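Number of protein chains: 2
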Amino acid sequence: MNSKTVEIITIGDEILIGQIVDTNSAWMAQELNKAGFEVFQITSVHDEASHITHALDEALRRTDIVLITGGIGPTNDDITKKTLCQYFHTKLVFDPSVLENIKQVFANRLDFVFNDLTYSQAMVPENCTIIQNRVGTAPITWFEQEGKVVVSMPGVPYEMQEAMRNEIIPRLQTKFQTQKILHKTVQVFGYSESALAIKIADWEKELPDFIHLAYLPNYGIVKLRLTGTSDNLLSLEFAINQQIESLKQILGKAIIAFEDLPMEQIVGNLLAAQGKTIAIAESCTGGNIAHRFTSHAGSSEYFKGGVVAYANEVKTDVLQVTPEDLEKFGAVSQQVVEQMAKGALQLLRTDTAIATSGIAGPSGGTPDKPVGTVWIAVCIKEKMISRLFHFGNTREQIIQRTTQAALVMLKEIL
Amino acid sequence: MNSKTVEIITIGDEILIGQIVDTNSAWMAQELNKAGFEVFQITSVHDEASHITHALDEALRRTDIVLITGGIGPTNDDITKKTLCQYFHTKLVFDPSVLENIKQVFANRLDFVFNDLTYSQAMVPENCTIIQNRVGTAPITWFEQEGKVVVSMPGVPYEMQEAMRNEIIPRLQTKFQTQKILHKTVQVFGYSESALAIKIADWEKELPDFIHLAYLPNYGIVKLRLTGTSDNLLSLEFAINQQIESLKQILGKAIIAFEDLPMEQIVGNLLAAQGKTIAIAESCTGGNIAHRFTSHAGSSEYFKGGVVAYANEVKTDVLQVTPEDLEKFGAVSQQVVEQMAKGALQLLRTDTAIATSGIAGPSGGTPDKPVGTVWIAVCIKEKMISRLFHFGNTREQIIQRTTQAALVMLKEIL
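Chain order of the listed sequences is D and R.
Count along the first sequence from 1, then add 391; that gives the number in my numbering.
Count along the second sequence from 1, then add 391; that gives the number in my numbering.
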């Protein structure tokens, strides 16, 4: 793939001490990919001049476009602007348009006070293009040298995003002829990453050079992402779809989705489309399935609620599991998990329900029901599916894999 | 503190196309900081041999310790192991102990099948130390050359975390640590990071050189971590405790904990100690509070369960909120959230209960109840506290900050 490459340099101690997670770079990479640019490397460095300079030298050796985030706040520990001045052998000059822009940005912000720090934002490098920050005080600076571009922008996510979307990416596209990039993802259930790799080995060998395959395992689901590059988006899409068609022949029902969305959103969209509602009865997942559904805006359209039935009394008192069956078969059993699902369906008066019961460990395992033993049931009014699984080792792993499997089973039944 | 510096190299196209956010590096940086190491640079590179080699060269020029995550899965796009073999001029040899470990890891996983790729995981570089992966298939490889250390570990978060905590950090400390390190953390509620920084500015200025302060904000709670280095652990502990005493004078009740544990564990331990049980009635948090409790082993001792009452019918049908009050005051009101708490307490027959109701957005806000408006109630048999909050902008932020505040309120009442 020979699309134009970009490097991202994020500046700030807070990333290097682990105080904040660098979500900016992932967002930028996604937007750049869509626009036909490829991120070659992401480098996080300290608020320290020589460190920044060295990273910039290195990056410009490898690529023509370097995007820098962070370190341009008004406080003293932010030194990116001064450092870039030295790097490009220029000096800071006062730019009234920046001050004017700041006045506009904060026109309706009664709490905003102008001070020396505000004015210092209007001091900008002389030989660069100034791009106004429409939502903050620090301007974006665009340097060009020997056909290469270095852009310095704020690290504040919404300020960076506004500048990238409306100014930086469009300008990069104008300056650099870029190829089209297309991603398509299929989600596969029931294979480990390695088992899947063997299953599709021959198909993978035959992939054309302009299509790249990536395996992205996620708690029992493996995403296969096909990425293609070409000047012709239509023929590229055709070629990728062809590959996906032959993948279907190999994997059949194991392919559970052709969209790159989390399972709860895929089944959520299905529920919404079918006008169905759902209730969750969770024992070993302890609320995680409900949490996954409700993390997404609009889930109230189909998600009515759930019962976290951790203690056995809750299974009997609230979900009407019969004490006899609980006694006879144990909490982690087909009988109990099916009664939990039916109980939730009736109690919350929904069209569908999911129930989980398993041994999340580390204790509670027995020879015949070791840690990781999980029963899952899904039902829609008259139909019920239940299945026994044996999941992983760690508590986290068992909770997440149970959640994924339950969502996949729900998709099957819908 | 003149602590040993580390560089992190994360390998994987998925980070560079923005498909996943690199949360590993932040986690590692935090743990390394606690252990007395400083991260100098984080570099994300492609699954590409020359790129990995170059990054490794660069990193080893700057530091003695390089930690590499990712790119050691069994599939073809994972090439880190081969690349490190070339880099350290060695070859792959079969290590039966790795295969033995994999058998143990997957002992409870009936769905796990051994195949060539599994065996390929047991092919390891000859001249390195093998650290077994206790929760996955890919072993950790530890290389040493001219007193410098390069460690390659999986990118799967829980596999990386298990290895870092139990093997890598202890070994790094043995090899490089000279001075003793001590951490004490106080958790502060009700201050933004910057407001807190102003409040304790004078105290912070007076901190001795051998005590380092870190602000760790986490959805409404700010952890203040004091890290001291010294040859004398006793006098160090005394000095840090003195600082915490004077911090108490400044912050008083705003200090909600002196342990570095998540709030759900702190209140969980309190509940266990008092022999009390808890039930959760969640609207806007949608199961997240239950999920937080049940993520921890042993939570079944005090956590009986909960009701996720997303739809209003669930509030009335299951939690016995009176339809009249729901109609009159709305779902996000003191009356309703208190009835939810009482309802959960009675339904699940527990000693304590938490209830949340709020507008998580992005839609659903009104002029008098904008997005971010949240009511929280906690009750223990005869006592009830409820409070109104106005939380953040994003859905994630509102859910997490509500969860934290609810746990803090529970701690107050216990």
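Careful, some of the hints might be misleading.
Claimed, not checked - Simulated crosslink set (DSS-like; lysine-lysine; CA at most 27 angstroms straight-line):
| id | chain 1 | residue 1 | chain 2 | residue 2 |
| --- | --- | --- | --- | --- |
| 1 | D | 733 | R | 482 |
| 2 | R | 494 | D | 760 |
| 3 | R | 482 | D | 614 |
| 4 | D | 596 | R | 473 |
| 5 | R | 760 | D | 596 |
| 6 | R | 395 | R | 566 |
| 7 | R | 614 | R | 596 |
| 8 | D | 575 | D | 644 |
| 9 | D | 590 | R | 733 |
| 10 | R | 566 | R | 590 |
To be verified - Just so you have them, the derived chain D footprint on chain R, three or more residues with Cβ under 8 angstroms:
| id | region |
| --- | --- |
| 11 | 411–421 |
| 12 | 429–437 |
| 13 | 505–518 |
| 14 | 585–598 |
| 15 | 702–709 |
| 16 | 786–796 |
None of these hints come from the bench; they were simulated from the model.
Small disclaimer: the values here were computed from a predicted structure and weren't measured.
Quick reminder that beta carbons are idealized off the backbone N, C-alpha and C, glycines included.
Evaluation of the provided hints:
no., hint, in the structure
1, 733(D) to 482(R), "violated (57 angstroms)"
2, 494(R) to 760(D), "holds (19 angstroms)"
3, 482(R) to 614(D), "violated (31 angstroms)"
4, 596(D) to 473(R), "holds (19 angstroms)"
5, 760(R) to 596(D), "violated (58 angstroms)"
6, 395(R) to 566(R), "holds (11 angstroms)"
7, 614(R) to 596(R), "holds (18 angstroms)"
8, 575(D) to 644(D), "holds (18 angstroms)"
9, 590(D) to 733(R), "violated (54 angstroms)"
10, 566(R) to 590(R), "violated (40 angstroms)"
11, 411–421, "holds (count 10)"
12, 429–437, "holds (count 9)"
13, 505–518, "holds (count 4)"
14, 585–598, "violated (count 0)"
15, 702–709, "holds (count 5)"
16, 786–796, "holds (count 3)"
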